[in-house]
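Position chain B relative to chain A; hints supplied.
Residue strings, one per chain:
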Amino acid sequence: MADYKNEFGVFAERPKVPKKIYDAKYVIAGLIVFFALATFTLWPNLGKTIPAPQPKLDTPVIQKLAAADRKCVLPTPEMRSTHMQMLVDWRENVVRSKEKGAPGVREFVTPDGKKYLASLTNTCMNCHSNKAEFCDTCHNYAAVTPNCWGCHLETGKKLAEAK
Amino acid sequence: MGMDRREFIRLAGLSALLGLGGKGALEIVRPGQAEAAFEAEPKALEGKRWAMVVNQKKLDEQTAAKCLAACHRVHNVPNYKNPPDAKLALDPEVANRYEIKWIWTEHFHNAFPGEEHDHLADSVKAMPFMLLCNHCANPPCVRVCPTKATFQRDDGIVMMDMHRCIGCRFCMAGCPFGARSFNWRDPRPYVKDQYPGYPTREIGVVEKCTFCVERLAQGLMPACVEASRGVLTFGDLADPKSPVRELLRTYFTIRRKAHLGTNPQIYYIV
Numbered sequence: 724m725a726d727y728k729n730e731f732g733v734f735a736e737r738p739k740v741p742k743k744i745y746d747a748k749y750v751i752a753g754l755i756v757f758f759a760l761a762t763f764t765l766w767p768n769l770g771k772t773i774p775a776p777q778p779k780l781d782t783p784v785i786q787k788l789a790a791a792d793r794k795c796v797l798p799t800p801e802m803r804s805t806h807m808q809m810l811v812d813w814r815e816n817v818v819r820s821k822e823k824g825a826p827g828v829r830e831f832v833t834p835d836g837k838k839y840l841a842s843l844t845n846t847c848m849n850c851h852s853n854k855a856e857f858c859d860t861c862h863n864y865a866a867v868t869p870n871c872w873g874c875h876l877e878t879g880k881k882l883a884e885a886k
Numbered sequence: 002m003g004m005d006r007r008e009f010i011r012l013a014g015l016s017a018l019l020g021l022g023g024k025g026a027l028e029i030v031r032p033g034q035a036e037a038a039f040e041a042e043p044k045a046l047e048g049k050r051w052a053m054v055v056n057q058k059k060l061d062e063q064t065a066a067k068c069l070a071a072c073h074r075v076h077n078v079p080n081y082k083n084p085p086d087a088k089l090a091l092d093p094e095v096a097n098r099y100e101i102k103w104i105w106t107e108h109f110h111n112a113f114p115g116e117e118h119d120h121l122a123d124s125v126k127a128m129p130f131m132l133l134c135n136h137c138a139n140p141p142c143v144r145v146c147p148t149k150a151t152f153q154r155d156d157g158i159v160m161m162d163m164h165r166c167i168g169c170r171f172c173m174a175g176c177p178f179g180a181r182s183f184n185w186r187d188p189r190p191y192v193k194d195q196y197p198g199y200p201t202r203e204i205g206v207v208e209k210c211t212f213c214v215e216r217l218a219q220g221l222m223p224a225c226v227e228a229s230r231g232v233l234t235f236g237d238l239a240d241p242k243s244p245v246r247e248l249l250r251t252y253f254t255i256r257r258k259a260h261l262g263t264n265p266q267i268y269y270i271v
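Those protein sequences? They're chains A and B, same order as listed. For the numbering used here, add 723 to where a residue sits in the first sequence, where the first one is 1. For the numbering used here, add 1 to where a residue sits in the second sequence, where the first one is 1.
Zero decoy hints are in this set.
Some chain A residues near chain B, calculated using beta-carbon distances under 10 Å:
id: 1; residue: Val818
id: 2; residue: Arg819
id: 3; residue: Lys823
id: 4; residue: Ala825
id: 5; residue: Ser842
id: 6; residue: Leu843
id: 7; residue: Thr844
id: 8; residue: Asn845
id: 9; residue: Asn870
id: 10; residue: Cys874
Below 30 Å or equal to it, Euclidean Cα-Cα: the simulated DSS-like pairs (lysine-lysine) are:
id: 11; chain 1: B; residue 1: Lys44; chain 2: A; residue 2: Lys838
id: 12; chain 1: B; residue 1: Lys102; chain 2: B; residue 2: Lys258
id: 13; chain 1: A; residue 1: Lys794; chain 2: B; residue 2: Lys44
id: 14; chain 1: B; residue 1: Lys126; chain 2: B; residue 2: Lys59
Because the hints were derived from the structure by calculation, they are not lab data. Each residue gets a CB set at the ideal place from its N, CA and C atoms; glycine is no exception.
So here's chain B without its partners, still in its complex pose:
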């Protein structure tokens, strides 16, 4: 079978068009058939800039302990200091080094170094300060991550993709708040009751608080906020009517190490 030049160019052009069009072309012929689509969950909580206000005036040891327990339970955070089995007991120094911190408490002079002085109010001195990832608006951990395992979401949450983390710990060096922990060993044996809906972590990855993105997607408040009974307030800073904006308008608030320019988004009412 012969083919003249005109016929050849016509065929070549048509095939190129089909090849380039690919899925798009198929989409025009049979819309929605090429691939099953993804959709956003309808009930998810949406925000433009999530933030948290901690009302230290109302926070006591029991509430703090409840918040910590709630967070650590739903995220399968290992407990190296009180392992579930006596056989797994570690040297206290090692346990301290291995500690995984999503949310924890600290005294004022550790939480706000440089702000303390000799004549601090007794109440503030004794107060446990609720610390967690600040979800900075200008996060240094995101800037230093070589694999983009840590990234900032559109709603301001500084999120971790454990699948990409190579365990280089640059982010830990970058974070001025000590909000990141490294898995020096397989954490699974040290998770007391495995929470079925959430993964554990592996040896060699860094982890931190995620503002409970998985709960926000289900329309739930973060676990610590739910357990705190009003001590912690979570909301959208971009919305002037949100509870966090209400609190920030009413009370004087401080932030941890704000002078470093990371723009932390956890606000403390003292």
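Chain A on its own, in the form it takes in the complex:
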């Protein structure tokens, strides 16, 4: 290996490194194992389209309603997109009612003038007593975990039976 010289000084010749992967079989095997581990959770769904969830509406309470009355407190598209915000509003209005400056309100009036008690357990879950087929289908699909059920009971079923 001969030294070389330029205007900056005298330098050692760059060592000649062969262009190859050292321990190629281990490296490649390791890479394969890594990708396998990193992606194996995706394999079962590979190439499949997961159908959009179909929340079920066939609960006893809804079945009993006349066809004309079979609607939620707000139009369906609005409920679909903003029910979480509505529930938060209900919560603030009910729990913090009569806090200084807050209105004391527990009733929700729909655009067409119907009145409902603003309550997840007593109003929503009364009709939608099938949490597993109604709430959970979409929540699981969208991978959201609302923490309502830590405290609020799924008692729509019991209420329906009691009535």
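Only chain B this time, still in chain A's reference frame:
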């Protein structure tokens, strides 16, 4: 398309007006359409300063037990001392530490520390005193709560918003009456019969008596008052004709630790 300066300013001004007006502007054009409105329930009990008078002269163990049972049933209060399933049985010491207290009984020397002396009337010594949150007019728990999860309502009720409670337990340190309990574990398995209309609590939040705000909103008296058959009297202190004012006028009453300045609103006829 060109636009001269005058036209541009006119358009910008109009858009700004619309933008600032927003919902208000829409409200003028189409009143009541922007948003479905909330209304107060017509039959709710209204008061300016709720308070309770406990007539200790009439209170006996059975009535006290009935009041406790009524409250704990409608609020899904867990029972760690007598769990619904033998498998859930806890060490007595642990069960004692986990205990959730909305309403409970205590002897005079515990309920009114500093007021007792060696020669107390036998009847008072043996009496179970009905204790619950005092719904103080000057509540220290509200002052110390860092998230405003505990707040005072216009009608004097000291209320809890479980959604906001972060479980710091400052309120428990602040309350001189021991009226607040912490959920050291998930209480649900220890609730014997889940009452469908009311939520349970989660691990990590503090809870206490709420003077049954949910029942007042439906026009009902608090559960303990209803079960007590006249031993407990609930009413509006601001109304001179209310039953509580009537009792306070007629009888001499004491309050727990009134010298601490929290202005407790549970009055005891002894």
